[in-house]
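Position chains B and C relative to chain A; hints supplied.
Chains as they are written, first to last, in this note's numbering: chain A, 2 to 330; chain B, 28 to 320; chain C, 1229 to 1468.
There may be inaccurate statements among the hints.
Per the computed footprint, the stretches of chain C lying under chain A, defined by three or more beta-carbons under 8 Å from a beta-carbon of chain A, are [to be verified]:
hint	stretch
1	1294-1301
2	1304-1310
3	1345-1356
4	1421-1433
None of these hints come from the bench; they were simulated from the model. It should be emphasised that the depicted structure is a prediction, and the values quoted were computed from it without experimental measurement. Heads up, the beta-carbon is just placed ideally off N, CA and C, and yes, glycines get one too.
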Amino acid sequence: MKRAENTALSGLIGPVAILIVLLVVPFLAGRYLTQVILFGLITAYLCGAWNISAGYGGLLSFGHAAFIGTGAYATAIPLVYYGLPGWLGMLMGGAISAVFGFGLSWTICRFRVKGFYFAVSTILFAEVLGSIATRSRYLGRGMGVPLPSVTNVFTLQFLSVIPYYYMALLLVCAMVLITRHVERSRLGWYLRATRQSEDASSALGIDVTMVKVIAMTLSAFLTGIGGGMYVLALRFCDPYDVFGIMFSTTLMLGTLLGGRGTVYGPIIGIAILTAVKEGLTFTAEALGGMSSFALVLMGWGVILCLVAKFVPNGIGPWVWNRVAKKTLV
Amino acid sequence: MTFELIIRALLSGILMGAIYGVLGMGFTIVYGIVDLPLFTHGVFALWAMYFLFTLFKYSGLGPYPGFLLLFALAYLFGILLYKTLLRFILDIEHEMQLVFALGLLIALSNLALIIFGPTSLLLSIHWLERVVFLGEVSLKTAMIVGAGASVLFIVCMEMFFRKTETGKAIRACSDNRRGASIIGLNVNRMYAIAIGISLVCSAVAGLAFAPLVPIYPDLGFEYAVLACLVAVLGGAGDMKGALVAGFIMGLLLSVQQMFYDLTLARLTLYAIMLGLLMVRPTGILGKGKSFAK
Amino acid sequence: MALLEVRSVKKAFGGLIALDGMSIVVEEGRIYGLIGPNGAGKTTLFNIASGFYAPDAGEVIFAGERVTDLGSHERCARGLARTFQIPKMFPEMSVVDNVLIGALSRTKEVKSARSYAEEIVDFLGMTRKKDALAGSLRVHELKRLEIAKALATKPKLLLLDETMAGMNAVEQDQLIRLLRKVHDAGTTLLVVEHVMHAVVNLCQHVVVVNAGRMVVEGGTREVLANEEVIRIYLGEDDKC
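The shape of chain A in the complex, shown without the other chains:
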């Protein structure tokens, strides 16, 4: 664990530099690249949210898509049916997700559901919510909910990707600040302690249940907001997408690859994955006929296996040291 206080200032130079680069991307890059980075940013934000309960707290949820989907529908449905502003929908989605997160984590702690059973529970939770969405006529059934293509600043609807890009960038910055704050706070220390030894933590005055519940609730809240952001930018709410196991997996993969329990890990992880994704897509198209979508997902599976076995703590810090040394020194 690096001493965050000592490297506070010097540790910010790199990220700030990257932030500046990201700020000007939409003006330099074409629409396609901007869009790729936009969704990369949203996913990085979501990974950061997962990181709080899973990376720091050790609660490896395999079904975080439950919260993404909740946030997505809480944003999309009111917007389409009642014209509720997107940002309000996002907050609502966050709140409802937080309630789900609270309920799920409280139940899990109360019944001491651990490891494998916890993982399966979270998968089931996401599947149940997803099934409800695909069955409900009100929620658009399996067809999903398309969001109207209009421009309305008040409701956060835009035709261009650029406003969404800056919103996503804002979210990522907020996530970095939130994660830094949690990491240095007593909650962060308690989360780390709980993950390493629950008994020792209890004996030192830590309410292990409360700590886990707070982490999961916070994570769910932030994830719900991200889900709303996602459908606003995509302009489509597809239940198989937002509640799907693949979305949950992407969150896991990005965070684990980049480094769980670190502030920048999720961002680095998604950056790497985005590059891999574009590379694989290019390869699949060059080879002709092969589904690039399936190839990318297969790649995800393989990377997940490799990470689980060889670098469970991620390669983020290693990558960062290499990159930082090259560009800043």
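This is chains B and C only, laid out in the frame that chain A set:
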């Protein structure tokens, strides 16, 4: 709600239950004996289905007797899988074993998607398509044969684990890995055999499912979850429990289908299982592992 | 003043009765030894007093307050701390960070908790190793760390679980001196021990338990000379 409908629902529930049971048993063996929460298992059933389809398409060889080839390949693949991959994740962090299992599941599902494409494939073999009538109640031959094959295989497995030397040795390894190796058992060999057998379990399930449902890649995930649920309901690690659990699930699903569609039936099943996982993760017979490592 | 009172506590595990109406009283400001043969119920009593088990019957009173239904983290907040016989620490954190966790039970501010943690680390003579990872420490250092962590929670009563186990004579004497220092700084100690040498040299008062009940208690010399106590220990191969 006619009498025939009820009987049909009950019968098909039990028949399908036998198939779910053998599907879950594959996972039960891996988790119970090798102590790996490899919930990938269902995806192997999917691959068995694709194999049988391809075999039939290109050689005209139907699933019965094609199953002989399938089982042999499944067993060998299981041994290979253990020796090249699973052996190396025995000692990693429990959470990471779960992550690995997920990665494997996704990789295999999408490999199937790449090779076979997203469209559903149908394995139709005339004699399996026929319907049998018990009085007024109609049942597909494929279902009866599939269930029969499952039960037959389960009985053989039970005999293997209880009566043969190898079977008993394998069970010894599950109780105490270090102890078993101290008394001279080659634990790796035992585990490899166990994994091979578990893959044949999945193959049996795939064999039974193949003529019954359209084959498409997402089934991999669905069967993986189903296998887990059967194993958990029966008590992860308890083989008899897995069969009983299979029956319960089969009945639950088919009875529900009298009233509404499969999606809602599955949804309710998941919700029930979610509740069960919280309250009694040792399974209905109470013999499963209650906590992770 | 009675700091800790265990009143008629009963606890059974399946068919095995561990505690059968156990009652002990720990007065403030003293060092108590809790001794008894194997299976006497010392560990169970310890875990019930510290909140890791709930009793089947009876009460636990700490500083005049009924804590029977409170969990171990709540008891820690009220000043009842404990160590583990097999040290449970946070292996990926440094020594001072381990103690920091304890200190955070008294203050939300990480900075002030950290400076207090460093004081504790110095007090216990671990300054040299303060940045070492807890997972890399040797056993006797881990025992010291156990005490440091618990001490950082500013306990009124510190329960110690067989701290001397596995220590050689030199290490034992060091720990005895350390615990005396902790006591002199104002903490009441209740020490579960098998090692008689430590009991004799550290504890002023001794409570003897056997078969789930308290047998006798009093000053160390008198209790250890007591006939019944000697009879209980005949056949044990503890050093006397």
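Against the structure, the hints come out as follows:
Counting residues of the stretch 1294-1301 of chain C whose CB lies closer than 8 Å to any CB of chain A gives 3, so the stated coverage by that chain holds, three being the minimum. Only when three residues or more bring their CB closer than 8 Å to a CB of chain A does the claim for the stretch 1304-1310 of chain C stand; here the count is 4, and the claim holds. Check result for the stretch 1345-1356 of chain C against chain A: violated, 0 residues qualifying (beta carbon to beta carbon below 8 Å, three or more required). Judged by the Cβ-Cβ criterion of 8 Å, the stretch 1421-1433 of chain C is not covered by chain A as claimed, because only 0 of its residues qualify and three are needed.
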